[in-house]
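Trainee: Model the full structure from these sequences, guided by the hints.
Protein chains in written order, with the working numbering: chain W, 1 to 756; chain G, 1 to 81; chain X, 1 to 81; chain R, 1 to 230.
A hint or two may mislead.
Unchecked claim - Lysine-lysine pairs mimicking PhoX-like chemistry, simulated, CA-CA at most 25 angstroms apart:
#	chain 1	residue 1	chain 2	residue 2
1	W	Lys465	R	Lys17
2	X	Lys11	G	Lys41
3	G	Lys41	G	Lys55
4	W	Lys62	W	Lys74
5	R	Lys17	W	Lys345
6	W	Lys345	W	Lys335
7	W	Lys345	R	Lys38
8	W	Lys59	W	Lys25
9	W	Lys62	W	Lys207
10	R	Lys72	R	Lys38
11	W	Lys199	R	Lys17
12	W	Lys74	W	Lys33
13	W	Lys71	R	Lys38
To be verified - A few chain W positions that, by computed beta-carbon distances, are all more than 12 angstroms from chain R:
#	residue
14	Phe19
15	Lys258
16	Met340
17	Val385
18	Gly467
19	Ser518
As the list claims (entries may be wrong) - Facing chain R, from chain W, some residues (calculated, C-beta under 10 angstroms):
#	residue
20	Arg153
21	Asn156
22	Val159
23	Gly163
24	Pro254
25	Leu265
26	His269
27	Gly271
28	Trp302
29	Leu303
In short, the hints are calculated from the structure, not lab data. Note that the coordinates shown come from a computational prediction; the quantities given were computed from them, not determined experimentally. Backbone N, C-alpha and C fix where the C-beta goes; we use that ideal spot for every residue, glycine too.
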Amino acid sequence: MSIDTVSHAETSPTTEQPFAALGLKPDEYQRIKDILNRRPTSSELAMYSVMWSEHCSYKSSKVHLRQFGVKAPKNDAMLVGIGENAGVVDIGDGWAVTFKVESHNHPSYVEPYQGAATGVGGIVRDIISMGARPVAVMDPLRFGDPSHPDTRRVVNGVVAGIGGYGNCLGLPNIGGEVVFDPSYQGNPLVNALCVGTMKHEDIHLAKATGIGNAVILYGARTGGDGIGGVSVLASETFDADGPAKRPSVQVGDPFMEKLLIECTLEVLHAGLVEGIQDLGGAGISCATSELASNGEGGMHVWLDRVLLRDSSLSPEEILMSESQERMCAVVTPDKVDAFMDVCTKWDVEAVVIGEVNASGRLTVDWHGERIVDVPPRSVAHDGPVYERPFARPAWLDARQADAPTADRLARPGSADEVRTTLLRMTAAPNLASKTWVTSQYDRYVMGNTVLAQPEDSGMIRVDEKTGRGVAVSTDCNARFAALDPYLGAQLAFAESYRNVATTGATPLAVTNCLNFGSPEDPGVMWQFERAVTGLADACLDMNTPVTGGNVSFYNQTGDIAIHPTPVVGVLGVIDNVAHRTPMAWTTPGDAIVLLGVTHDELAGSEWAHEIHSHLGGLPPVLDLNAERALAQVLIEGSQRRIIAAAHDIADGGLAQALVEMSLRARIGAHIAIPAGKDAFVQLWSESATRAVVVIAPASMSDFAELCARNNVPMTVIGSVVAEPTLTLSDVYSQEVSVSISELFEVSESVLPALFG
Amino acid sequence: MARVIVNVALKPEILDPEGRAVQGALGRLGLTGVSDVRQGKQFVLDVDGEIDAAKLEQINSIAASLLSNPVIEDFTVQVAQ
Amino acid sequence: MARVIVNVALKPEILDPEGRAVQGALGRLGLTGVSDVRQGKQFVLDVDGEIDAAKLEQINSIAASLLSNPVIEDFTVQVAQ
Amino acid sequence: MTARVGVITFPGSLDDKDAMRAVTIAGAQAVPLWHADKTLNNVDAVVLPGGFSYGDYLRCGAIARFAPVMEKLVDAALGGLPVLGICNGFQVLCESHLLPGALTRNDHLHFICRDQTLRMENNTSAWTTNFAIGQEIVIPLKNGEGGFVADERTLDELESEGRVIARYVGLNPNGSRRDIAGITNAAGNIVGLMPHPEHAVEELTGPTTDGLAFFTSVLSSLVTNGRIAV
Ligand SMILES: Nc1ncnc2c1ncn2[C@@H]1O[C@H](COP(=O)(O)OP(=O)(O)O)[C@@H](O)[C@H]1O
Ligand SMILES: [Mg+2]
Numbered sequence: 001m002s003i004d005t006v007s008h009a010e011t012s013p014t015t016e017q018p019f020a021a022l023g024l025k026p027d028e029y030q031r032i033k034d035i036l037n038r039r040p041t042s043s044e045l046a047m048y049s050v051m052w053s054e055h056c057s058y059k060s061s062k063v064h065l066r067q068f069g070v071k072a073p074k075n076d077a078m079l080v081g082i083g084e085n086a087g088v089v090d091i092g093d094g095w096a097v098t099f100k101v102e103s104h105n106h107p108s109y110v111e112p113y114q115g116a117a118t119g120v121g122g123i124v125r126d127i128i129s130m131g132a133r134p135v136a137v138m139d140p141l142r143f144g145d146p147s148h149p150d151t152r153r154v155v156n157g158v159v160a161g162i163g164g165y166g167n168c169l170g171l172p173n174i175g176g177e178v179v180f181d182p183s184y185q186g187n188p189l190v191n192a193l194c195v196g197t198m199k200h201e202d203i204h205l206a207k208a209t210g211i212g213n214a215v216i217l218y219g220a221r222t223g224g225d226g227i228g229g230v231s232v233l234a235s236e237t238f239d240a241d242g243p244a245k246r247p248s249v250q251v252g253d254p255f256m257e258k259l260l261i262e263c264t265l266e267v268l269h270a271g272l273v274e275g276i277q278d279l280g281g282a283g284i285s286c287a288t289s290e291l292a293s294n295g296e297g298g299m300h301v302w303l304d305r306v307l308l309r310d311s312s313l314s315p316e317e318i319l320m321s322e323s324q325e326r327m328c329a330v331v332t333p334d335k336v337d338a339f340m341d342v343c344t345k346w347d348v349e350a351v352v353i354g355e356v357n358a359s360g361r362l363t364v365d366w367h368g369e370r371i372v373d374v375p376p377r378s379v380a381h382d383g384p385v386y387e388r389p390f391a392r393p394a395w396l397d398a399r400q401a402d403a404p405t406a407d408r409l410a411r412p413g414s415a416d417e418v419r420t421t422l423l424r425m426t427a428a429p430n431l432a433s434k435t436w437v438t439s440q441y442d443r444y445v446m447g448n449t450v451l452a453q454p455e456d457s458g459m460i461r462v463d464e465k466t467g468r469g470v471a472v473s474t475d476c477n478a479r480f481a482a483l484d485p486y487l488g489a490q491l492a493f494a495e496s497y498r499n500v501a502t503t504g505a506t507p508l509a510v511t512n513c514l515n516f517g518s519p520e521d522p523g524v525m526w527q528f529e530r531a532v533t534g535l536a537d538a539c540l541d542m543n544t545p546v547t548g549g550n551v552s553f554y555n556q557t558g559d560i561a562i563h564p565t566p567v568v569g570v571l572g573v574i575d576n577v578a579h580r581t582p583m584a585w586t587t588p589g590d591a592i593v594l595l596g597v598t599h600d601e602l603a604g605s606e607w608a609h610e611i612h613s614h615l616g617g618l619p620p621v622l623d624l625n626a627e628r629a630l631a632q633v634l635i636e637g638s639q640r641r642i643i644a645a646a647h648d649i650a651d652g653g654l655a656q657a658l659v660e661m662s663l664r665a666r667i668g669a670h671i672a673i674p675a676g677k678d679a680f681v682q683l684w685s686e687s688a689t690r691a692v693v694v695i696a697p698a699s700m701s702d703f704a705e706l707c708a709r710n711n712v713p714m715t716v717i718g719s720v721v722a723e724p725t726l727t728l729s730d731v732y733s734q735e736v737s738v739s740i741s742e743l744f745e746v747s748e749s750v751l752p753a754l755f756g
Numbered sequence: 001m002a003r004v005i006v007n008v009a010l011k012p013e014i015l016d017p018e019g020r021a022v023q024g025a026l027g028r029l030g031l032t033g034v035s036d037v038r039q040g041k042q043f044v045l046d047v048d049g050e051i052d053a054a055k056l057e058q059i060n061s062i063a064a065s066l067l068s069n070p071v072i073e074d075f076t077v078q079v080a081q
Numbered sequence: 001m002a003r004v005i006v007n008v009a010l011k012p013e014i015l016d017p018e019g020r021a022v023q024g025a026l027g028r029l030g031l032t033g034v035s036d037v038r039q040g041k042q043f044v045l046d047v048d049g050e051i052d053a054a055k056l057e058q059i060n061s062i063a064a065s066l067l068s069n070p071v072i073e074d075f076t077v078q079v080a081q
Numbered sequence: 001m002t003a004r005v006g007v008i009t010f011p012g013s014l015d016d017k018d019a020m021r022a023v024t025i026a027g028a029q030a031v032p033l034w035h036a037d038k039t040l041n042n043v044d045a046v047v048l049p050g051g052f053s054y055g056d057y058l059r060c061g062a063i064a065r066f067a068p069v070m071e072k073l074v075d076a077a078l079g080g081l082p083v084l085g086i087c088n089g090f091q092v093l094c095e096s097h098l099l100p101g102a103l104t105r106n107d108h109l110h111f112i113c114r115d116q117t118l119r120m121e122n123n124t125s126a127w128t129t130n131f132a133i134g135q136e137i138v139i140p141l142k143n144g145e146g147g148f149v150a151d152e153r154t155l156d157e158l159e160s161e162g163r164v165i166a167r168y169v170g171l172n173p174n175g176s177r178r179d180i181a182g183i184t185n186a187a188g189n190i191v192g193l194m195p196h197p198e199h200a201v202e203e204l205t206g207p208t209t210d211g212l213a214f215f216t217s218v219l220s221s222l223v224t225n226g227r228i229a230v
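Mentor: As structure tokens, this is what we get:
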């Protein structure tokens, strides 16, 4: 096998190269030639092609994502911002938290178990590469129609894969989402979020500084699996008959990752590391070029030193391999031995593959021959940037005009119909209990889980002495985003913000995973631009910076894109987790109070979707000032311990919130529909900025004062009762009553019946 | 009655963490000189009646879809007694 | 180099939930007349040099202690090429 | 003198820190033990924690059994040292033949994590003296391979000798024979338990604090047996 060396490239300028097969456009290929003043070697071509793929370079999204930086609120809590492996925020007492969400959508359709498993593995390595100990994971998921025959395969594989990897790593799963919609049939979304904690002094960055320092590759051996996997997969649309080519998928080894976590934290805490980087998409190409360009700008790599699982791999393949569970560290020469000792202790293989130098170039040798000689920035940062055309899709007007008004979609109008609707909605796959999913995840490991599913946010104790902790929620109603992507993204943010505040934590920072169709479709690009702008505007207004995130394009089959799905994760801090607000009421006689105002807002609602398969109209209006005021009441009420329980109102409206609280409490409530209001609208509208809170009689006057001071409308709608029954009175002059055991039976049986 | 044996193994280029773990343990137990270990699955099916060409065809297609994922695994089908 | 194949199967009296799940799925996919399915493990060991009696003995004892759990599983050892 | 309770960490152990926390809350000194060491560091009792030792590849507990520290542990356990194996630790004890039977794949094939009700059926083992027989407790359960199996003779023997220490109540979460959640050896010093008492020692993070009594029990037994002075 002959090696395409730099000198050979110089003397053979006309050699034809398969740039198109590697996903490069002719002008991109030309650009590489301009940068190098010659044709690239095959190894260089491999590096540029993976690094300039949509997945790695963000070439279509970059121009819009800049808004997150431009509009970032001045926030002293931000220690590391966008651009690093993950953002880092200060949570007080010398503690810092890093969190990020990432997608693994395409691989999870092709091989659901391994696709989802390696998705968890990838995001966890992002967190450890910041110097943090991972402490929790979450998994926002979207699947196709629950009754479609293929959905079962995907659901079972994805859930088992997330559990299989996360459980084996010893990370509690503290929340996520499970949403079904036909728009995800051939494009399930598997987003994975990881939270890590560290002391300020442990923050590490991905840069190769210090001339003469060693570059160490450690972890799993490099194999031929997943070559071009993520980058090719994530940049191609499946055609209508399913995956056109079935590219190789990586298999995860969570045990190796667990060793990698312990080993990495030990070398970091021992002060043995100058810079560190995980290997994700684009493998060694990415790690070396990013480390080099973030440091002094020069690095040399002896590629033949890389430990291989398969000795027949070519240098191009080694550069592109996306084998999992690998990391790269920059270590001063005097500490290399100590570094290797820690690796030996954890049974982790490691080898020095390179050296930092002052050349300003990234050079790679293969058995003494130079196969790469490039400016590292040109690979890692100076990829192409596209100003893709975008335009409001023509179909949107008709869809927005198609409002779910009472004359167009039949609404329940009697107590009997309300009861029937209540049970049907409780059994809607999107609203039914997710226990079948979440019981496959360990939520107890590490012993610091204060809240987990089905609570409004997951909450983790960070400091065992002081009780300082963090809460995280992820949300997105993609139907809202389909009706209005700007508002949809803001509503996703608002829901997530509210979920964090509901548990008593103060929202601090935002991460996001923007799942969209093809950026080459101007309509999709418009949705993307609107969603990013909406989210950036809301984050600025609410003083919660975006600290990082991920973009997943090409989630579409043929011409049909998924609903735009900007999943938003909000992280909050709580001084003492003992003060958290749970979702379940406990004490008969406590008042049940509705916060916020309910309008006739059913466009994009779960009711319209489940009962009428309808999607049209305009999403609920959002007033961020009101959202901030509501959060203030929820947070201060928790700190002063005057809120006994609280639950946010979102999908399925007030009715669903009451059902969920009853199911969690196992004792019931008596609710009266406020006089003069339409019971159906009160129960199933999805107006934003609302929550149900539970207040003991002794705290009522304090709570009323708190609401008045913050201008938050409150309505006492009922009280907790000892009997296990949820009773709604004044429903079209009659009473509706359902036993909690019936609700439980209905809610719990849905997912097992579909997928068990 | 016929017995059909379907062996499913990860493709050679795919990482086999279980096989690797076994290989490590073999070394610690003193079995040296083992250059590779792969761990696969074996399905033993007892099928009523004869296995004719149509039935074998059907078993083959099930082996390719249910019992293995061709993206990462290879399989063999074998009719025994 | 020799290739040694160790097959490990649950003892017949031990419940095999995976085999049962496969059997159920086979029915749903239209393969009828399958009276039983058992799912076992197959280890493929590549061993340097010849497999003499002593080595085989060693592999047998490792199959009995490490590769299988005699409380619930049976195994066979087979030397291939 | 406070008792020293060792917690062994294998590669892939996950609940070792939790076990140490539980030991500490119970009032003992937690001593970390490392799989590759050939010493038990003079501890008075040992916990084999939950997790996925060696990834649980091959079979749960199968590879951990051959760890260097296990040689010492087997001898000490046969000599009467109190040993509690939780979940993966239980699997290691069975694989090491310190306890009879084996733990197999859950009958429903899924990993399951839930708050599990147990009925305590033994209060004479080293780890159960502070329970009442018939007492119902709720502690987390989380496993993929938690179905206890043994032949009928062994099961009958365990029953007749009072060596079933706890049984699942209500739902049997994994298909365990005779709803068995935990067992002890004939001498009563070695206990294997599938659910996780170490995750039920604090109001804030556990469903209950029912798990604490396992850890206080061993302290009581150590005193009673004169293994440590008060
Ligand atoms: N895939 C999942 N993984 C973990 N937890 C989940 C998952 N899906 C849903 N949950 C949890 O179930 C609960 C209900 O979900 P959801 O109805 O989306 O909550 P909310 O409407 O309050 O955001 C939440 O606690 C959520 O975190
Ligand atoms: Mg939600």
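Trainee: Compare the structure with each hint and give your call.
Mentor: Quick rundown of the hints versus the structure:
1. Of the supplied pair hints, the one linking lysine 465(W) and lysine 17(R) holds, its CA atoms being roughly 15 angstroms apart against a limit of 25 angstroms.
2. With a CA separation close to 16 angstroms, the supplied pair lysine 11(X) and lysine 41(G) stays within the 25 angstroms bound.
3. Using a Cα cut-off of 25 angstroms, the hinted pair lysine 41(G) and lysine 55(G) holds, with the two alpha carbons roughly 22 angstroms apart.
4. Between lysine 62(W) and lysine 74(W), the direct Cα distance comes to roughly 22 angstroms. Compliance with the 25 angstroms bound is thereby established for this hinted pair.
5. About 19 angstroms separates the Cα atoms of lysine 17(R) and lysine 345(W), which keeps this hinted pair within 25 angstroms; it holds.
6. Between lysine 345(W) and lysine 335(W), the direct Cα distance comes to roughly 16 angstroms. Compliance with the 25 angstroms bound is thereby established for this hinted pair.
7. Between lysine 345(W) and lysine 38(R) the alpha-carbon distance is near 15 angstroms, which keeps this suggested pair within the 25 angstroms criterion.
8. With a C-alpha separation of about 13 angstroms, the suggested pairing of lysine 59(W) with lysine 25(W) holds against the 25 angstroms cut-off.
9. The straight-line distance between the Cα atoms of lysine 62(W) and lysine 207(W) is roughly 22 angstroms, inside the 25 angstroms bound, and the hint therefore holds.
10. A threshold of 25 angstroms between alpha carbons decides the hint, and for lysine 72(R) with lysine 38(R) the separation of about 7 angstroms falls inside it, so the pair holds.
11. Of the pairs offered as hints, the one joining lysine 199(W) and lysine 17(R) holds, with about 19 angstroms between alpha carbons and a cut-off of 25 angstroms not exceeded.
12. Only pairs whose Cα atoms come within 25 angstroms are accepted, and lysine 74(W) paired with lysine 33(W) is rejected, the gap being roughly 42 angstroms.
13. Restraint check: the Cα-Cα separation between lysine 71(W) and lysine 38(R) comes to about 58 angstroms, which exceeds 25 angstroms; the hinted pair is violated.
14. With 12 angstroms as the threshold on Cβ separation, the claim that phenylalanine 19(W) sits away from chain R holds: the shortest Cβ distance comes to roughly 40 angstroms.
15. With 12 angstroms as the threshold on Cβ separation, the claim that lysine 258(W) sits away from chain R is violated: the shortest Cβ distance comes to roughly 6 angstroms.
16. For methionine 340(W), the requirement that its beta carbon stay farther than 12 angstroms from each beta carbon of chain R is met, with the minimum near 17 angstroms.
17. Separation of valine 385(W) from chain R is adequate, the least Cβ-Cβ distance of about 42 angstroms exceeding the 12 angstroms criterion.
18. Residue-level check failed: glycine 467(W) sits 8 angstroms from the nearest beta carbon of chain R, not beyond 12 angstroms.
19. With a minimum CB-CB distance of about 36 angstroms to chain R, serine 518(W) clears the 12 angstroms threshold, and the non-interface call stands.
20. Checking arginine 153(W) against chain R: minimum C-beta separation of about 15 angstroms lies over 10 angstroms; hint violated.
21. Annotation: asparagine 156(W) was flagged as interfacial toward chain R, and the flag holds, the nearest CB pair being 9 angstroms apart, inside 10 angstroms.
22. Taking 10 angstroms as the C-beta contact cut-off toward chain R, the hint placing valine 159(W) at the interface holds, the least distance being around 8 angstroms.
23. At about 5 angstroms, the closest approach between the beta carbon of glycine 163(W) and any beta carbon in chain R falls short of 10 angstroms, and the interface hint on this residue holds.
24. For proline 254(W), the shortest C-beta to C-beta distance to chain R is roughly 7 angstroms, which falls under 10 angstroms, so the interface hint holds.
25. For leucine 265(W), the shortest C-beta to C-beta distance to chain R is roughly 13 angstroms, which exceeds 10 angstroms, and the interface hint is violated.
26. A distance limit of 10 angstroms between C-beta atoms decides the matter here; for histidine 269(W) the minimum to chain R is near 15 angstroms, and the interface restraint is violated.
27. Because the smallest distance between the Cβ of glycine 271(W) and any Cβ of chain R comes to about 22 angstroms, over 10 angstroms, the interface hint for this residue is violated.
28. At its closest, the beta carbon of tryptophan 302(W) sits 30 angstroms from a beta carbon of chain R; the interface hint therefore is violated under the 10 angstroms criterion.
29. Hint status for leucine 303(W) relative to chain R: violated, with the closest Cβ pair at about 29 angstroms, above 10 angstroms.
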